[in-house]
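Engineer: The chain contents come next:
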Amino acid sequence: NAGVTQTPKFRILKIGQSMTLQCAQDMNHNYMYWYRQDPGMGLKLIYYSVGAGITDKGEVPNGYNVSRSTTEDFPLRLELAAPSQTSVYFCASSPTGKRGYTFGSGTRLTVV
Amino acid sequence: AQTVTQSQPEMSVQEAETVTLSCTYDTSESDYYLFWYKQPPSRQMILVIRQEAYKQQNATENRFSVNFQKAAKSFSLKISDSQLGDAAMYFCAYRIATTSGTYKYIFGTGTRLKVLA
Numbered sequence: 001n002a003g004v005t006q007t008p009k010f011r012i013l014k015i016g017q018s019m020t021l022q023c024a025q026d027m028n029h030n031y032m033y034w035y036r037q038d039p040g041m042g043l044k045l046i047y048y049s050v051g052a053g054i055t056d057k058g059e060v061p062n063g064y065n066v067s068r069s070t071t072e073d074f075p076l077r078l079e080l081a082a083p084s085q086t087s088v089y090f091c092a093s094s095p096t097g098k099r100g101y102t103f104g105s106g107t108r109l110t111v112v
Numbered sequence: 001a002q003t004v005t006q007s008q009p010e011m012s013v014q015e016a017e018t019v020t021l022s023c024t025y026d027t028s029e030s031d032y033y034l035f036w037y038k039q040p041p042s043r044q045m046i047l048v049i050r051q052e053a054y055k056q057q058n059a060t061e062n063r064f065s066v067n068f069q070k071a072a073k074s075f076s077l078k079i080s081d082s083q084l085g086d087a088a089m090y091f092c093a094y095r096i097a098t099t100s101g102t103y104k105y106i107f108g109t110g111t112r113l114k115v116l117a
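Residue numbers (the numbering used here), protein chains in the order written: chain Y, 1 to 112; chain G, 1 to 117.
A hint or two may mislead.
[To be verified] Simulated crosslink set (DMTMM-like; lysine to aspartate or glutamate; CA at most 20 Å straight-line):
1) Y:9 <-> Y:38
2) Y:57 <-> Y:79
3) G:70 <-> G:31
4) Y:44 <-> Y:56
5) G:104 <-> G:31
6) G:114 <-> G:17
7) Y:44 <-> Y:59
8) Y:44 <-> G:26
9) Y:57 <-> Y:73
10) G:104 <-> G:29
11) G:104 <-> G:52
12) G:104 <-> Y:72
13) G:104 <-> Y:73
14) G:104 <-> Y:56
15) G:104 <-> Y:38
16) G:78 <-> G:52
17) Y:14 <-> Y:79
18) G:104 <-> Y:59
Simulated from the structure, these hints should not be mistaken for lab results.
None of the values given here were measured: they were computed from a predicted structure.
The shape of chain G in the complex, shown without the other chains (with noise of 0.2 Å):
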């Protein structure tokens, strides 16, 4: 079964300190997409950052980037220089094929962001 695992239900980070947050997944297919995305107390999910296992290059955006490393099925979220407005619910993402040859997503369980002043 495809399978993406958060095991840090919850973190603190100091502001302007750097914290990573942690994901794997399980999976048999060698092409496939990773997505990490943030859940602010508005509830809004919004997308952060995405990673495509052929590139060996790890995704940045701006202060966030992913440590990628295929062959452990590791996908963790660094973010640099934490901002208060960076408290949210994380959550991990694993984009898989359907039988009827689309696409879905199956997300981790989520770990919250707390930042401190």
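One chain only, chain Y, in its complex shape (with noise of 0.2 Å):
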């Protein structure tokens, strides 16, 4: 199984502009969540879905938006992307919400 795959691994994106962050997995997980990873800081829940069709917003939602239209795949969008967007963004995925997390290997973002 490739487990939790994020794509692009790095981006550099202009002030401004839009773009989406691929999140799939195959382990057939309801539960999936993007967090996001400031330099020095901990992670910080930006969205969440517990099931197609399902999203919610984390702590820090503004500036973003997901969809969950299958149970595989969970993309983050920008839309007006800002410096204060320059992150590692880091996708995850559960069984359900009481086992941890698997996660992926993380998208660069960088805003210029």
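Join these two chains into a complex; the hints should help.
Structural biologist: This is the structure in structure tokens:
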């Protein structure tokens, strides 16, 4: 199994550009999450989903959107990139809310 | 507010020695889960160990063990016989229930562990 796959691994965006960070898992996990990790900080939850068609906001959702049309995929959309969104983004999944996560390898995003 | 505090930004340990990373948390719940994650330079987040709050016995996974003090809201990670491959950022995390009946995790700010040869 591939686990949780994130693409791209690196990206540089100009202010005001848009992009979608892709996340896919092949473990049939219901729960999926997007976190951002700023330098020297822990992970902050952006959005999460408990199943296809269901999404909810986390701690820092402003400037982002998500969708969950299938169990496998949970893309994160940045509509108008801002320098404050420079961060490393992690996608994670879990079969239930009780178990620990399986993380993707992260996407390093720089907005200039 | 639910918070997780890791008061040690950085720790060092000699190879083969033992090191303890501290974590405290704040919660009003009685049933919850605590986790330690490892993040090596590859950036991959790896689950190290998990503790259920209703279990009095401390969790262990090979060289990794926890000291769970529920009354003190403390959840420290002990790494025995430290190896060079243990060098990483270690994050403590606490699982909370959301208002919609699901779960999410609160992470601490991390402790960078250096292992000295």
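Engineer: Work down the list of hints and note, for each, if the structure agrees.
Structural biologist: Tested hints:
1. Y:9 <-> Y:38: Between residue 9 of chain Y and residue 38 of chain Y the Cα gap is close to 16 Å, so the pair holds against 20 Å.
2. Y:57 <-> Y:79: With a Cα-Cα distance of about 16 Å, the restraint between residue 57 of chain Y and residue 79 of chain Y holds, given a limit of 20 Å.
3. G:70 <-> G:31: The given pair, whose Cα atoms are some 11 Å apart, holds under the 20 Å limit.
4. Y:44 <-> Y:56: holds (14 Å)
5. G:104 <-> G:31: Satisfied, since the Cα-Cα distance of roughly 14 Å is no more than 20 Å.
6. G:114 <-> G:17: Cα-Cα ~12 Å, so holds.
7. Y:44 <-> Y:59: Since the Cα atoms of residue 44 of chain Y and residue 59 of chain Y sit roughly 7 Å apart, the hinted pair holds (cutoff 20 Å).
8. Y:44 <-> G:26: holds (17 Å)
9. Y:57 <-> Y:73: holds (17 Å)
10. G:104 <-> G:29: With Cα atoms ~14 Å apart, residue 104 of chain G and residue 29 of chain G stay inside 20 Å; holds.
11. G:104 <-> G:52: Roughly 15 Å separates the two Cα atoms, so the pair holds.
12. G:104 <-> Y:72: holds (19 Å)
13. G:104 <-> Y:73: holds (19 Å)
14. G:104 <-> Y:56: Given that 20 Å is the threshold and the Cα spacing comes to 11 Å, the pair holds.
15. G:104 <-> Y:38: Holds. Residue 104 of chain G to residue 38 of chain Y sits at ~19 Å (cutoff 20 Å).
16. G:78 <-> G:52: Holds, at roughly 17 Å.
17. Y:14 <-> Y:79: Holds. Residue 14 of chain Y to residue 79 of chain Y sits at ~12 Å (cutoff 20 Å).
18. G:104 <-> Y:59: Distance of about 10 Å is within 20 Å: holds.
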